[in-house]
Amino acid sequence: MSHRLPSGGRLIDRATTLGFTFNGRRLKGYGGDTLASALLGNDRMLVGRSFKYHRPRGIVASGPEEPNALVGLGQGARFEPNQRATTTDLFADLVAQSQNHWPSLDFDIGALNGLMSRFLSAGFYYKTFIHPRAFWKHLFEPTIRHSAGLGRPTSEPDADRYEHLYAFADVLVIGGGIAGLQAARTAAESGARVMIWEQSAHWGGRAPVDDPDVEGMPPDDWISATLHWLRAQPNVTLRSRTMGAGVYDHGYALGYERVTDHLPGLDAPRHRLWRVRAGRIITATGAIERPLSFAGNDVPGVMLAGAVRDYVVNFGVAPGRRTVIVTNNDDAYRTAITLHSAGLEVAAVIDARARATGDLPQRARSLGIRVMTGRAIARVRGGGRVTGVDICQHTGTGAAGALIACDAVAMSGGWSPVVHLWSHCGGKLIWDAGAALFRPDPARAPTGADGAAFVAAAGAANGVMRGAALLADARAAAAGGDAPAPEPEAITPVWIMPAAAGPGLRAKMWLDFQNDVKVSDVQQAAREGYVSVEHAKRYTTLGMATDQGKLGNINGLAVLSDAQGAPIPDVGTTTFRPPYTPISMGAIAGEARGDVFQPLRRTPMHDWHAAHGADWEPAGQWRRPYCYLRPGEARNDAVAREILAVRGGVGLIDASTLGKIIVKGPDAGRFLDMLYTNMMSNLAPGKCRYGLMCSENGFLIDDGVVARIDEDTWLCHTTTGGADRIHAHMEDWLQCEWFDWRVYTANVTEQFAQIAVAGPKARDLLQALGGLDVSSGALPFMSWAGGRLAGIPLRAYRISFSGELSYELATPAGHGLALWRALVDAGQDLGVIAYGTEAMHVMRAEKGFIMIGDETDGTVIPQDLGLGWAISRKKADYIGKRAQERAHMTDPDRWKLVGLQTLDGSVLPEGAYAVTDARNANGQVVTEGRVTSTCHSPTFDRGIAMGLVRHGPDRMGEVLRFNRVDGTTVEARIVDPCLYDPKGGRQDV
Amino acid sequence: MKRYSAFSIFREALRNNSGWQRAWAAPEPKAQYDIVIVGAGGHGLATAYYLARNHGIANVAVLEKGWLGGGNTGRNTTVIRSNYLQDPSAAIYEKSRSLYETLSQDLNMNIMFSPRGVMMLAQTEHEVRGYKRTAQANALQGVATEFIPPARVRELCPIIRIDGPRYPVLGALWQPRAGTARHDAVAWGYARACSAMGIDIIERCEVTAIRSNAGQVAGVETTRGAISCGKLALVVAGHSGHLAEMAGFRLPIESVALQALVSEPIKPCLDVVVMANTVHGYMSQSDKGEMVIGGGADGYNNYTQRGSFHHVEETVRSLIETFPMLSRLKMLRQWGGIVDMTGDRSPILSKTPLGGCYVNCGWGTGGFKAIPGSGWAMAELLAKGHSPLAEAFGLDRFREGRFIDESVAAGVAH
Amino acid sequence: MLILTCPCCGIKADETELAPGGEAHIKRHGPGSSDAEFEAYLFTRANPRGVHFERWRHAYGCGKWFLAARATDTLEVFGTYPATSTAVPDAILSRIRARRPDWIKPDRIKPA
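Chains as they are written, first to last, in our numbering: chain A, 1 to 989; chain B, 1001 to 1414; chain C, 2001 to 2112.
Below, a list of computed lysine-lysine pairs in the BS3-like style, where the Cα atoms sit at most 25 Å apart:
1) C/Lys2105 to C/Lys2027
2) A/Lys983 to A/Lys687
3) B/Lys1065 to A/Lys428
4) A/Lys664 to C/Lys2064
5) C/Lys2027 to C/Lys2064
6) A/Lys687 to A/Lys874
7) C/Lys2110 to C/Lys2064
8) A/Lys881 to C/Lys2027
9) A/Lys881 to A/Lys664
10) C/Lys2012 to C/Lys2064
11) A/Lys875 to A/Lys687
12) A/Lys874 to A/Lys664
13) A/Lys137 to B/Lys1267
14) C/Lys2027 to A/Lys875
15) A/Lys664 to A/Lys875
Just a few of them, taken from the derived set where beta-carbon distance is under 7 Å, the chain C residues facing chain B:
16) Met2001
17) Glu2015
18) Thr2016
19) Pro2020
20) Asp2035
21) Phe2043
22) Thr2044
23) Asn2047
24) Arg2049
25) His2052
26) Thr2072
27) Asp2073
Hint data in this document are derived by calculation from the structure and do not stem from the laboratory. These numbers were taken from a predicted model, which means no experiment stands behind them. Just so it is clear, CB atoms sit at the ideal spot from N, CA and C, and this is done for glycine as well.
The whole structure should be built from the sequences, with the hints applied where relevant.
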């Protein structure tokens, strides 16, 4: 059984006892424990269930490669599924639950899948559940979804916050083991600005566990001396608990700092996402030990050999009392020696190699540890926990020899460099057959903006596992130059144990512990032709679990290569993608959530609207009042009230969001003639003209009134949504095509508040304010004048979108609210009201004015909308002119704008189509028109609409049928789009 | 081809799964085929399948430079829907969706088509109007959709926040018979069925040149030798421009990276596909339990299959606003695919300036859902020279200005 | 996450400051051009897997458009130059040739 040793544990503080809860049981650990070490210290080896067969799963590893020990952590708004126990620092009152079982961890109905495992081999899902068809959706799929899925989702909004930090570094070192520390030091000594990240809370990596000394010093001393030096340098930044999550193009790297995961409740961001631009990146990310593939290698109690000694040395925890070690290399003997030194029994070292003559095996033997070479584990005994192993010849088929009783197995198949970060941005690998590992190929490193390599690997991540060679490699990575070749690794590759194991054993050899992929599955996939490494991965799900194949991928690859008879490098690896280990979505989103998710743009009168019942409508990042609701009033009633008030008296609308762009310069008129379909150069100062703008592809993109301010200055109004877009459109043409024209533009949208004062009493209202002469003689329709009203400086534009007498008043933004208030106060006797966007929409529809976004949708040209009068025939060119000459644009069958009136007075459905009895070759109903705007008109007290109809203007009076969502149709007559005051007398008074 | 069934699983289990055959054969290329299809992604394989099944043309080779299904077929977010606005789009995508419904049975391979429903959220008044219009159009196109109110959105998708401070959900366009499928299985299933009908699927065979004779296609040079053919179909997604250049013409296409990501798996909590176009994100939950998330495409030409992180950031941030529970899930993996974008963001299924050479490309961000319909139409185009489903998607539309623009009415191209 | 140096303001701009604008050195065709010329102008694009000339705007910086020579397969940047350039500066062409000896200059790309 796993247990806490009476002494030892370099990372724990036995004076600090921490209570925590696992599956409702109250347990105790020490300060410095991880959740995994604390669970092992409490003899909780069984911590979860696998994905497919719901097999019992124990802790296998001691770091982020752990595939099994995933728990639900925390409660309520701080609950998080799938947290790794091996990377979770223990804190007081931590609450964790195991996952993926029902009804309980110890008794899981889902484990019945395991009994069926031979029927659930690779690709099983693809071959069955085919008939009957309806069963997949209603029965099979829900069942499969429920049994998969690991942890349960959260239900409450996240109670924590997150932040992003930006930084620059000449050299970013990822990994704080001795290679990373050395690389950081070497880089810092050259004067470079250095940042170094370590994913765990502790610097130094494996050295204190594995190495007797570093440069003649005890490892912990070397580490603290180096840290001391680094911390004293002004050009070095150190971050622990910060994982290098991803390397992206041009030296961009993401770091994931877990700030308060171990200090819950502290008023600080939970996670911090570091976004760093680095000149160079050194990946000193170490190596991960590989399991061995023998039957029963997934039974709880079978662990990685390196992890076993980590638990003993770092946490004073032993996974078992009597351990068998199984290996194909010398490194695992360190575990034997460590266990022996801790007073624990090592039943035997089972070494698959014919001979083991290195220093470590000899030391183990000299300690009296039994070493059995040429042997293998035939199978592991035990269900929920290891009880023993059957030993066999490694070269044989697995005929069992001796049974060795034990309660833990420490396995080592060799070490694989962590090449993920090297690979994220295109770094390639080479297979080192002697050391049995993939290492970064320095000739094919990731390249940056200048085409030069910007990532270098150092130390174990570069396949240089330890000793002086490792430090030399780290120095070379930081300073350039070649490192001396490392000592060859004492290893013989073993991909299946025993080498000639039959199908029965192969079906019990796990490659991917979480996803339940076995050697037999990969072999079967190869047999079925899924021989590409990507096919095999996807067919078997090897490496697709939350550990992304950190433990199992190389073993699986080797099995696939063997099945194909192709060398390992020819099979290749699957693609390494960010992040290295999963990072929280909250950290990705950062601070921008809730109220600060996106900026909110406010007009100067925003707060007034809010205080007067504004029913907001988003308009890009602006908010505009859709209408102003009075107590107890429905939206429709408010809109009708506002319209009737404007038509009968006077109303105000905040038009500040409309785009306002100054176009100025000697060539401004010429430029505007290219930009608009009609002439703008001949507009007289003091006058206004409505204009249309098209894309070069011919389609109508924006409209608005242009006012000529003076001889070389025009002010262009755009739609609310168009302001930034049209300004960018202007700049594109000015900078890239007509860059020799002398024109300047400025987007002054936010510099001016704009108020439309509309209604037959509009002039009375302005005159009540006093100042500027707004009489029809002084300020006729489609002209403008500057001056003051109520002492406030402004420009008054005599333009109308409502069909009524109307002035748009533009004043510097700082005066906007004062002007608005002055109008409201002065208008009390006239019955002035504020109206919203919907009243504006309806009034313009009554008037037959088009609305960009309603009558246009990116496929409509001005000629479709009866706007030929706004297209200059005199101009040789304007943006969109050539496009409008193409065959489809001049097709007489294009749909054209008309008004539509239902025979019964009802409101036409939004987006309805005019249907015919014909069907096209694809069986679709042939249509001959569609509704573009439709609403109830309070003015006429009936439904009114506009639409585009084939040959529409030639079919006045004809009745069309429009579809409704219930399948019926409604009849509507084609009429003139302008219903209200067709002669225009009301706006021009 | 040995059929897959519960019985075959049982039989193989009893003999340690040792009797399974290759899903598709690995033949040497022949010197001549009636039709050569370049690209063994979903579209190329489906084209071959329907050529044999619908038109009796099985002397066909599908050439693949890497491994089949290794392009965008295997790296998309698996959404299948047909709620498009324009008639030609709705026709081909609805054909596709209806073929997906029975594809598992047709191919004798479970491609896990899951008609769980797709909802496209309306989060502005403009989107409300746009989706209402789409629902009206769909009714006439034979596509079953409806515009549903916020309360129904919440009922179908309890984890959604309806009243977010920024973009409240005002309703949704709901297509109940849309959904997802297992993308790799679609490629494998078509490949297996093609192989069973005698079509040669030739992997690791890269086309290096296209041969022609008097304006008529004659064959291709490949890394595995020369192959002559009567007709040639280029179905290579992100590499279309490159192949077109070999054939002597250019395409209105640019290749850009599109990114996606998945979360760690969790127990079922999202039973529909949700698309939120105002904030450029969409999400579904896979059968494994991962939240599968897609966003917008990068704006610059790129063949690296890597995208820029800030797009992922924007997508995740936006989705958290609508799905607050996402915040405490973790991103497991992000990746990119190269998509080819045409001038109107709609695909091209067309004859080309080179006689006998046809092209199927430009599916942009929406190719997976189209695979069966695209294959069906392309096979018809190859076999008969015309296809009603493909008619509007010809190359000539760019000259005539006759675009198929799905970005109108708040729709999106993917 | 690209970095491009804005030739107008000299800033090494992060991709988040920039807006991409498609292929560079495309000649505008207006009224009087043929259908084929106009189609090519609006829609036909080079789309190479390799050296590409393109437009960018320093949208969240100085606001200026500029041009860049960049590899679409490795994202290497050979140089940036002003949007008013009708030809590619020699220094950039030399750098491209140095980095990619096999590169064939398209006809529409004019040396300075």
